[in-house]
Amino acid sequence: MSNRIDRRSVVKGLFTLPAFAVVGSRIVQAGGRLSAIDPGLDPAARRALVMVHLAGGNDGLNTVVPIGDPAYAKLRPALALAKSDVLSIDRGMAFHPALGGFRKLYERGQLAVVQGVGYPNPDFSHFRATEIWEAGDPNGGASGWIGRYLDESASGRGLRAVALSKEQPPLVLASSSSPAVTVSDPASFRPPSNEAAIRAMYSAYVKQPATRHVVGAAGIETLDAATTISRLRGESAVNYPPGELSADLRRAAELLAAGVGVEVLHISFGGFDTHVNQMGKHRQLLNQVGSAFAAFQQDLERRGLARKVVTVVYSEFGRRPAENFGGGTDHGSAGPVFVIGEGVRGGLHGEAPSLTSLDSGNLRFTTDFRSVFGGIVRDCLGGDPSAVFRGITPLGLF
Amino acid sequence: MTSKSTSTREIAHLLRRTGFGPSRSELDSYAALGFERAVDRLVSGLAAPPSADPPGFSVYAPGAAAAAWVDRMRTSASPLAEKLALFWHGHFATSVRKVEDPKLMWKQVALFRSAGAGTFPALVASVSRDPAMIRWLDGNSNRKGAPNENYARELMELFTIGRGNYTERDVREAARAFTGWGAESGVFKFRQEYHDPGPKTVLGETGAFDGDDIVRIVTSRPECARFISRKLVAFLSHPEPQASDVAAAAAVFTKSKGSIADVVRHILLAPAFRSDASYRALIKSPAEFVVGALKVAGIGATPSWAVESMGRMGQTLFAPPTVKGWDGGGAWLSAGALLERMRFAARLAAEARAVDETIGLAFDGRTPAEVAGVLASAGAADRVTLALASPEFQLN
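Chains as they are written, first to last, in the working numbering: chain A, 35 to 432; chain B, 39 to 434.
By construction, these hints were calculated from the structure, which means they are not laboratory data. There's no promise every hint is true.
Calculated pairs, DSS-like style, for lysine-lysine (alpha carbon to alpha carbon, straight line, at most 30 angstroms) [unchecked claim]: (1) Lys141/B to Lys227/B; (2) Lys182/B to Lys227/B; (3) Lys269/B to Lys141/B; (4) Lys269/B to Lys241/A; (5) Lys136/B to Lys315/A; (6) Lys227/B to Lys362/B; (7) Lys141/B to Lys200/A; (8) Lys108/A to Lys182/B; (9) Lys293/B to Lys141/B; (10) Lys315/A to Lys200/A; (11) Lys342/A to Lys138/A; (12) Lys227/B to Lys145/B; (13) Lys315/A to Lys269/B; (14) Lys227/B to Lys315/A; (15) Lys200/A to Lys269/B; (16) Lys145/B to Lys182/B; (17) Lys269/B to Lys145/B; (18) Lys200/A to Lys108/A; (19) Lys182/B to Lys136/B; (20) Lys315/A to Lys138/A; (21) Lys342/A to Lys315/A; (22) Lys293/B to Lys315/A; (23) Lys145/B to Lys315/A; (24) Lys136/B to Lys227/B; (25) Lys295/B to Lys362/B; (26) Lys269/B to Lys293/B; (27) Lys295/B to Lys145/B; (28) Lys136/B to Lys269/B; (29) Lys200/A to Lys227/B; (30) Lys315/A to Lys141/B; (31) Lys295/B to Lys227/B; (32) Lys269/B to Lys295/B; (33) Lys269/B to Lys182/B; (34) Lys200/A to Lys182/B; (35) Lys293/B to Lys136/B; (36) Lys117/A to Lys315/A; (37) Lys241/A to Lys200/A; (38) Lys108/A to Lys315/A; (39) Lys293/B to Lys200/A.
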């Protein structure tokens with residue numbers, strides 16, 4: 035995905051534009067209020083979006099389990115979960131026993147489960163499949179679907195998109211008008227002591243060509259983001275469970291509450307590539323998932339942000355319905371997508387894929403991922419889905 | 039730059055690309071050779087056996103493997119061997135996070151160090167038997183009747199020919215050829231009882247193939263010569279190489295039956311390498327930034343905090359983020375990572391030996407005007423910090 039590298043070549047030192055002053059003034063306006071997500075455009079639809087990628091390919095069938103389907107246990111002699119262990123929901127479906135946190139949200143009507151989400155001619159490579167999901171295009175591409183939303187709704191504000199990561203921003207946030215900022219730990223994200231001198235050097239490089247411009251723009255972006263985020267305050271009062279996902283969600287809540295104008299946050303939580311010995315590993319991972327999101331929702335409620343934030347949890351693919359020799363599962367196709375938040379239409383959406391009519395051993399998708407994300411663009415971000423995806427009908431989840 | 043005379047700038051450029059930048063003594067001794075003979079010395083250094091691990095060396099202590107490798111990068115008499123090892127580590131990207139055995143990871147990098155300049159088919163054959171790789175891409179669960187496609191897929195997609203040059207069926211068939219290629223107690227083991235001896239068809243060839251046959255088939259494809267050559271040109275010379283430069287390197291690859299030393303020598307001696315367009319055209323990886331800073335600042339030992347800081351810059355050795363390795367280029371300069379580079383600069387500056395010497399080495403004796411102006415108005419205590427945090431020093 036060389037487009038990630040190219041991304042900055044279109045970044046023309048945006049934070050040097052008056053845009054940043056606007057961010058500054060918004061902070062002043064926010065003056066101590068905790069819920070400052072409102073960008074002041076379309077109050078009916080606008081919510082901040084937290085995208086969480088379960089990286090590696092989450093085994094959808096052992097996450098939202100078709101426990102009532104006799105074909106399920108036949109496909110998985112070793113890996114099938116027991117009827118007595120799973121957490122039943124509706125229509126013969128059940129959550130993995132470790133997803134108590136999800137069931138709680140489900141019962142409160144704050145969790146929508148979209149079943150069988152995928153796209154035609156699925157790809158089985160992690161990187162290519164991730165690119166497809168992030169581009170929002172079954173052919174992949176150079177721009178991210180959230181990036182296109184950011185461009186389409188260009189507001190002239192900085193720091194609209196943040197990736198909580200030690201790595202580069204993901205393709206999904208790649209935008210020509212609103213470069214995403216990556217932050218590993220907001221608490222230590224402060225400008226260096228000799229900021230003015232460093233800024234002077236990087237400003238000079240922004241005006242130069244090729245790689246020199248890339249470095250210059252990156253420097254200015256970094257210093258501006260550090261200035262903004264260093265004003266962040268409001269530590270979490272909620273006890274999060276241990277684990278990396280929890281730590282990132284806590285940071286997300288703090289950033290959202292800081293009122294620095296963040297509209298989209300991206301988190302990646304890895305380890306789902308369970309080719310071997312899946313049972314114990316998957317249980318651990320899902321236990322983190324369920325408890326972390328339950329804590330996150332509680333945190334948002336305490337901060338008065340529960341109606342202002344929507345969380346989407348997805349994976350680049352599900353896994354093959356039939357287990358393999360090593361007590362694991364190989365790369366598959368469709369899987370469930372979770373949409374969490376107050377105001378979400380909770381419950382099961384779409385059809386569970388058939389376990390008997392398979393496509394070369396893989397599930398046939400029942401809901402196109404673009405219609406799920408199109409619905410998110412329309413109903414969560416308040417954007418125009420047709421400007422982001424072509425020829426889709428957005429799924430109504432709100 | 040002219041090709042006749044060899045400038046300090048040209049030798050410093052060569053030492054940055056083939057290693058981790060110059061120390062004062064390296065700069066002087068390579069400059070005395072002239073450019074072509076400097077290339078000869080660097081490439082012939084690849085043939086020398088890599089030094090043994092130091093006595094009492096244990097990679098099991100936390101962070102020990104990464105610290106030991108960084109120290110080798112800083113001190114090696116054959117920096118190109120370390121540089122190529124780093125290249126292959128990013129190419130055959132394997133992570134200790136799944137392998138869970140630092141010793142196996144260290145051995146894999148030792149393979150890159152000793153065989154990374156040999157022929158590519160031989161390297162791929164060794165990597166296919168490497169116990170860390172077998173753990174990483176699930177070789178032990180690749181068995182007759184229930185093949186695990188992980189290795190076969192990445193072999194084609196990421197390691198040899200690249201996407202678009204094979205089909206799903208090729209992957210499935212190649213996986214069958216690798217059935218039974220496992221590892222036990224950290225040693226490669228072929229298990230006949232798990233191997234599928236039947237005929238397979240891969241990339242148009244049919245036979246009762248095993249893993250070595252697949253390695254031969256994929257590495258002899260012209261797509262492989264182009265894929266590997268392009269990556270080497272982009273790593274050593276220019277981030278967006280001309281098609282003709284890639285084609286010329288690929289021709290050397292094909293003619294030499296995949297000799298990496300020959301391809302590297304060709305790239306270093308090609309006009310594009312010495313052109314102004316290539317000078318400082320790459321963005322330093324965290325390894326290049328950290329080790330380069332230690333060298334120009336004349337730091338005599340590798341501090342453990344420097345290795346930890348490198349991780350926060352986005353490059354934890356032995357733990358690339360995915361099997362695709364590090365994206366590199368502009369992706370190294372995400373806000374968090376660049377901020378960490380600035381912090382690193384301030385901390386290292388406190389230990390730097392000599393201000394003017396450090397700045398001279400950092401900028402090849404010619405500090406760019408935009409940086410020089412800022413340095414001139416800064417106090418002596420801040421000048422090294424600013425030099426190492428400057429945009430120019432992020433460029434390779």
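Hint check results:
1. Lys141/B to Lys227/B: This hinted pair holds, its Cα atoms lying about 18 angstroms apart.
2. Lys182/B to Lys227/B: 15 angstroms, holds
3. Lys269/B to Lys141/B: 28 angstroms, holds
4. Lys269/B to Lys241/A: 29 angstroms, holds
5. Lys136/B to Lys315/A: 12 angstroms, holds
6. Lys227/B to Lys362/B: 26 angstroms, holds
7. Lys141/B to Lys200/A: Roughly 25 angstroms between the alpha carbons, so the hint for Lys141/B and Lys200/A holds.
8. Lys108/A to Lys182/B: OK: Lys108/A and Lys182/B at ~21 angstroms, within 30 angstroms.
9. Lys293/B to Lys141/B: 36 angstroms, violated
10. Lys315/A to Lys200/A: Satisfied, since the Cα-Cα distance of roughly 24 angstroms is no more than 30 angstroms.
11. Lys342/A to Lys138/A: It holds: about 20 angstroms lies between the C-alpha atoms, which stays within 30 angstroms.
12. Lys227/B to Lys145/B: 16 angstroms, holds
13. Lys315/A to Lys269/B: Roughly 35 angstroms separates the two Cα atoms, so the pair is violated.
14. Lys227/B to Lys315/A: Holds, because 26 angstroms separates the two Cα atoms, which is no more than 30 angstroms.
15. Lys200/A to Lys269/B: Given that 30 angstroms is the threshold and the Cα spacing comes to 24 angstroms, the pair holds.
16. Lys145/B to Lys182/B: OK: Lys145/B and Lys182/B at ~28 angstroms, within 30 angstroms.
17. Lys269/B to Lys145/B: Roughly 24 angstroms separates the two Cα atoms, so the pair holds.
18. Lys200/A to Lys108/A: 41 angstroms, violated
19. Lys182/B to Lys136/B: The given pair, whose Cα atoms are some 24 angstroms apart, holds under the 30 angstroms limit.
20. Lys315/A to Lys138/A: Given that 30 angstroms is the threshold and the Cα spacing comes to 22 angstroms, the pair holds.
21. Lys342/A to Lys315/A: 33 angstroms, violated
22. Lys293/B to Lys315/A: Between Lys293/B and Lys315/A the Cα gap is close to 48 angstroms, so the pair fails against 30 angstroms, i.e. violated.
23. Lys145/B to Lys315/A: 27 angstroms, holds
24. Lys136/B to Lys227/B: 20 angstroms, holds
25. Lys295/B to Lys362/B: Distance of about 25 angstroms is within 30 angstroms: holds.
26. Lys269/B to Lys293/B: Holds: Lys269/B and Lys293/B sit about 18 angstroms apart, inside 30 angstroms.
27. Lys295/B to Lys145/B: Cα-Cα ~25 angstroms, so holds.
28. Lys136/B to Lys269/B: 26 angstroms, holds
29. Lys200/A to Lys227/B: 37 angstroms, violated
30. Lys315/A to Lys141/B: Distance ~23 angstroms between Lys315/A and Lys141/B Cα, so the pair holds.
31. Lys295/B to Lys227/B: Given that 30 angstroms is the threshold and the Cα spacing comes to 27 angstroms, the pair holds.
32. Lys269/B to Lys295/B: 17 angstroms, holds
33. Lys269/B to Lys182/B: Answer violated: Lys269/B to Lys182/B is near 34 angstroms, above 30 angstroms.
34. Lys200/A to Lys182/B: 40 angstroms, violated
35. Lys293/B to Lys136/B: Distance of about 37 angstroms is beyond 30 angstroms: violated.
36. Lys117/A to Lys315/A: 20 angstroms, holds
37. Lys241/A to Lys200/A: Measuring from Cα to Cα gives roughly 28 angstroms; hence the hint holds.
38. Lys108/A to Lys315/A: 22 angstroms, holds
39. Lys293/B to Lys200/A: Status violated; Cα separation ~41 angstroms.
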